[in-house]
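Engineer: Chains A and B, in that order, give the protein sequences.
Just so it is clear: in the first sequence, position 101 is 331 by the numbering used here, and no numbers are missing.
Just so it is clear: in the second sequence, position 11 is 14 by the numbering used here, and no numbers are missing.
Treat the hints with caution; some may be incorrect.
What the hints assert, rightly or not - Calculated lysine-lysine pairs in the DSSO-like style (CA-CA distance at most 27 angstroms, straight line): (1) A/Lys312 to B/Lys68; (2) B/Lys59 to A/Lys331; (3) B/Lys22 to A/Lys332; (4) B/Lys58 to A/Lys331; (5) B/Lys89 to A/Lys331; (6) B/Lys58 to A/Lys332; (7) A/Lys364 to B/Lys22.
Derived from the structure by calculation, the hints contain no laboratory data.
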Amino acid sequence: MAKIGITGPNGKLGSQLVLMGGIPMECDIRSDDDVINTGGHLVSPFEVESALLEHLAVAESAVVAKPDEINMEVVKAFVTLKPGYTPDSDMELDIMNFIRKKLSSIAMPQEIEFMDKIPKTRSGKIMRRMLHAKEWGKEIGDISTLEND
Amino acid sequence: MEEKNLVEIKDLVLNYVIKEYIDEEDTVINYDTPLISSGYIDSFSMVSLLVFLEKKFSIKIPPGKATPEAFDSVNNIVELLNQYVK
Chain A
231 MAKIGITGPN GKLGSQLVLM GGIPMECDIR SDDDVINTGG HLVSPFEVES ALLEHLAVAE
291 SAVVAKPDEI NMEVVKAFVT LKPGYTPDSD MELDIMNFIR KKLSSIAMPQ EIEFMDKIPK
351 TRSGKIMRRM LHAKEWGKEI GDISTLEND
Chain B
4 MEEKNLVEIK DLVLNYVIKE YIDEEDTVIN YDTPLISSGY IDSFSMVSLL VFLEKKFSIK
64 IPPGKATPEA FDSVNNIVEL LNQYVK
């Protein structure tokens with residue numbers, strides 16, 4: 231497995247090596263929430279979300295960091311399923327193994343939470359900030375842009 | 004757990020480990036083979052094995068009990084299961 235570490239010009243945290251399909255790729259850092267640092271390995275939530283969408287049963291996905299005593303952070307996925315699929319432990323295991331084999335064990339969600347709907351802004355962007363705050367026990371903050379039913 | 008059941012459970016766990024986590028076909032795994040400490044299963048993958056065991060045996064293993072040591076061999080796993088499977 232490829233080793234992943236933070237790099238940056240002149241020691242600045244401006245770019246990093248992120249696991250993309252098992253290959254370390256240099257990416258710009260946009261914010262702390264754009265990368266999950268799990269046991270020193272950096273995982274792109276966007277790559278995990280994209281891989282989740284390739285699973286037959288997954289309709290929507292959002293991936294955030296979840297606090298972890300040992301690894302500092304671990305990958306947590308919020309998932310909505312397509313009609314006809316059941317959100318149970320069989321499905322959770324199937325999705326976990328799918329990601330483990332498609333990406334890596336590091337990128338495998340350590341927890342999958344099935345939702346009826348992923349919170350999004352009115353313009354259709356996933357409100358990861360809201361999910362992240364929920365996991366870390368923080369204030370959710372401004373949700374005025376949250377999409378209504 | 005009866006002796007017959009014990010062997011059946013060991014085989015079930017062993018077969019699942021081989022099917023899901025062992026890539027090389029010529030790798031020989033037995034009940035005592037170290038799984039975590041030898042690197043066959045990493046700590047991240049352990050969660051999926053935990054989900055499999057909880058689902059298969061309809062049990063809930065407390066987070067503090069699902070340690071790398073408890074998952075380090077099929078024998079260790081079955082010993083752990085023995086505390087929760089009725």
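Engineer: Does A/Lys331 sit within 27 angstroms of B/Lys58, going by the straight-line distance between their CA atoms?
Structural biologist: OK: B/Lys58 and A/Lys331 at ~20 angstroms, within 27 angstroms.
Engineer: Checking one constraint from the list: CA of A/Lys312 to CA of B/Lys68, max 27 angstroms. Satisfied?
Structural biologist: violated (34 angstroms)
Engineer: Sort out whether A/Lys331 lies within 27 angstroms of B/Lys89, counting only the CA atoms.
Structural biologist: violated (33 angstroms)
Engineer: Given the proposed pairing of B/Lys59 with A/Lys331, does the C-alpha separation stay at or below 27 angstroms?
Structural biologist: holds (21 angstroms)
Engineer: Straight-line Cα separation of A/Lys364 and B/Lys22 no greater than 27 angstroms?
Structural biologist: Distance of about 36 angstroms is beyond 27 angstroms: violated.
Engineer: Verify the proposed pairing of B/Lys22 with A/Lys332, using a straight-line Cα cut of 27 angstroms.
Structural biologist: holds (16 angstroms)
Engineer: Please verify whether B/Lys58 and A/Lys332 have alpha carbons no more than 27 angstroms apart.
Structural biologist: holds (23 angstroms)
Consistency note: the structure conflicts with the earlier hints numbered 1, 5 and 7.
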